[in-house]
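Q: Read off the chains here:
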Amino acid sequence: SSTDGPKSAHFDICSKNLKYKFSENAFNTNILKRHSGQYYTLPPTHIQKLFPYGLPPRFQLQIKTFNEGCVMVRPPALELISYLKRADYSKPPLRYVLYGDIGTGKTMSLCHALHYCYSQGWLIVHVPDAHLWVKNCKELLPSSSRPSRFDQPIQASQWLKNFKITNERFLSKVQLERYVWTKRESTEKGQPLGELIDQGVNRMKSSSDVVGAVLRELRLQAGGATEGEGAFKLAVAVDGVNALWGKTSLKKEDRTMCEPEELTLIHNLRKMMKNNWSGGAILTALSQTGSVFKPRSAYLPSELLGEEGFDNMEPFVPVSVSNYNEKEFESCYLYYLDRNWLQHPHSRSEEGKKELIFLSNKNPSILERLCAFL
Amino acid sequence: MWICECGILQDVSLQCAKGCDVVFASCLSACRRANMAASGCRGVRSILWKYGSYGNNLFVSRSKMVPQLPLRQIYVASSLWKKNLAAAGPQKFTQEFIDKQVEEFEVGKRHLANMMGEDPETFTQEDIDRSIAYLFPSGLFEKRARPVMKHPEEIFPKQTAIQWDAEGRPFHFLFYTGKQSYYSLLHDVYEKILAIERHQDKMRNKGLFTSDTKQILLTGSRWLLKEEIEENLVENISVQDYMRLIQLMELLLSMPYCSLEEEFILKFRKQLEVQSSKYEIPALQYDPQGVAFSVADGRRKSAKASITLRDSGSGNITINGRNYLHYFPVLQNREQLMFPLLFVGMMGRFDIEGSVEGSGHSAQAGALRLAISRALLSFVSEGEVEKMRQAGLLTADPRIRERKKPGQEGARKKFTWKKR
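From first to last, the protein sequence lines are chains A and B. Using the UniProt record's numbering, count along the first sequence one by one with no gaps and you end on 374. Using the UniProt record's numbering, count along the second sequence one by one with no gaps and you end on 420.
It is possible that some hints are incorrect.
[To be verified] Dumping the calculated EDC-like pairs for lysine to aspartate or glutamate here, alpha-carbon to alpha-carbon at most 16 Å: (1) 413/B to 402/B; (2) 192/B to 127/B; (3) 226/B to 212/B; (4) 354/A to 335/B; (5) 158/B to 230/B; (6) 49/A to 68/A; (7) 354/A to 351/B; (8) 100/B to 154/B; (9) 301/B to 167/B; (10) 362/A to 330/A; (11) 362/A to 335/B; (12) 353/A to 335/B.
[Claimed, not checked] Computed from the model, here is a short list of chain A residues facing chain B with C-beta under 8 Å: (13) 294; (14) 366; (15) 368.
Bear in mind the hints are in silico, worked out from the structure with no lab data behind them. Don't be surprised by glycine CBs; every beta carbon is placed ideally from N, CA and C.
Construct all of the structure, not just a fragment, from the sequences and the given hints.
A: If you want it as structure tokens, here you go:
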């Protein structure tokens, strides 16, 4: 029943026009607005490249089960994408902060916007969860370059590997300056980014500093050339931004608590968050679930970022994410039906639907968990 | 213990039961003194006396010439001297004692009335209970352990007076049946039956016999239980006796004209309690905007909840100012909240605003559920109310945390059992 819309958009068999395939025109604003509340399928190649680790874990399980990754088009993501389209990239980057209650879809919206950036050919710097860098680190080495800092080699090398997968096409294009790692090793000027990353992956000791160097290079070169091969736009996406200015749960050797500034990775990421560069955008999302020492009821930016974080992030564009409305809930319910996810016969009836609405209060994550055992 | 000459073992008394006057004066006094001195100490006491002088000053006076019996030494435990309290039965009060108690009660009642500043003449038992509860506030949980001031008849158990005269002849003609009050009661009932039959015959002779006479109202009352009848008769009856009595009363009731003995029969019927614990449906109130709402409370295991149920809403639920999704992250508690609405079928219709405190999350959810069910009563028809009651939505859960007992770790858990 696809009569209207461009030929590249393909509608599902379901009469309510539930899903449509992603294509080049998919991010056209009009198309997006029309499909608000409906699902669109992420191409598998993109998922592999862009989101090896970036999607919420339960969503990854869902992709595996359903054999496809479908994302719902929702107003926060639409808002973000429209801002990204209209922003002026010769000026310092705009900071967007996605905030909202737990389980309302902040990470998913962030991933949606990131997919847009990727499809436009931007360079993606994606930190899937900044909270992973401030807690549960098994190895905390004193930094090789600076005395008062601590390194996290495992996390840094992991991130570098993922960065490599995401931004393969840029690896050879970006040229570097000279860096000295140890007495014997140094990176010469003009070498491509790929080599730097390889070195960081191979030599775990200096991987955190490599991360810092990478970020610095990208910052300097992002808005640099407007034409030519070197031009690229930089998208910095950080999920769980409040980890950067919160507390850590790591302890130093003398059993005192570590401050976030003392971690190399955090320090470099904070520098990234400042808008003293140009030619890109900073997309962030707050997260309470992974946060350290924050109450469960806190969800506003001021509460989660804290004073320091708020001052650092200001000025930013807040984008609020809320529970599904009627139409979105309907769409999600139909999607699960379509995928035969709701096996229980009662769940297919009207009363079952009302029960689902009540029990989940149209919260996406709770609805998903509820339907998981139906 | 000593043995008198006829060989009967007795404690210290002057005369042997058989009547031989044997008095061993000095031995007796020694006995008595020894008795009093040694009644506290354990061990065996033996009183040895020998017939014939052994250096003791004995003198024997006898009224009869009895051949002298050999002497025996007896050892006896002092526990025999202690009173066997169990064998004595329940404590017996004399009639004078009871009369004195009644007098004191009356006087005390007047004093109490004066103390409380009320009129002594019109001071009822309820007033007494109220005043005592005020003057002696008690935190004891067991109501029967609290201070009480009641008429002695209610406090002292009924006792049978002596049923025979000075010569040993019983007063009542049925004494030798063993259960004189029970059998006399049966006699009375039968007398009444005969009286009614005679009345019936008289009416038939006059030609005024009708079957539809005034019937005694028996609804809302039950026959007295066997225990209650025993209490009234002050003697024990068996189950068969009780059934026989009830049969006789039924026979009495089956006759027309039994209304003549209505008063007698109603003495044996007990009124059943009125269902005072029935819950009243909360009234439906209206907002200034015309929106209907109702307020209700609920309790579960020391959690108290109070909600306002508003009509024409959209299914929002706010508890203690927070969304119910945040207040009850556990699915089970949200299901509890959902159940009354789901059962009645009015899921998206109401807005609920509730406040709850106390106990844990499950108990709070249960309290809220009860409150929601009660508030729904005013929006729902009679048949639905009955269905809800049968579904158990309107019953308050009586389960409460069991008390920890001394000698045990908790309410049921015992300390580690050691074999030795």
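Q: Compare the structure with the hints numbered earlier in the document and write down the numbers of the violated ones, lowest to highest.
A: 2, 3, 9, 13 and 15
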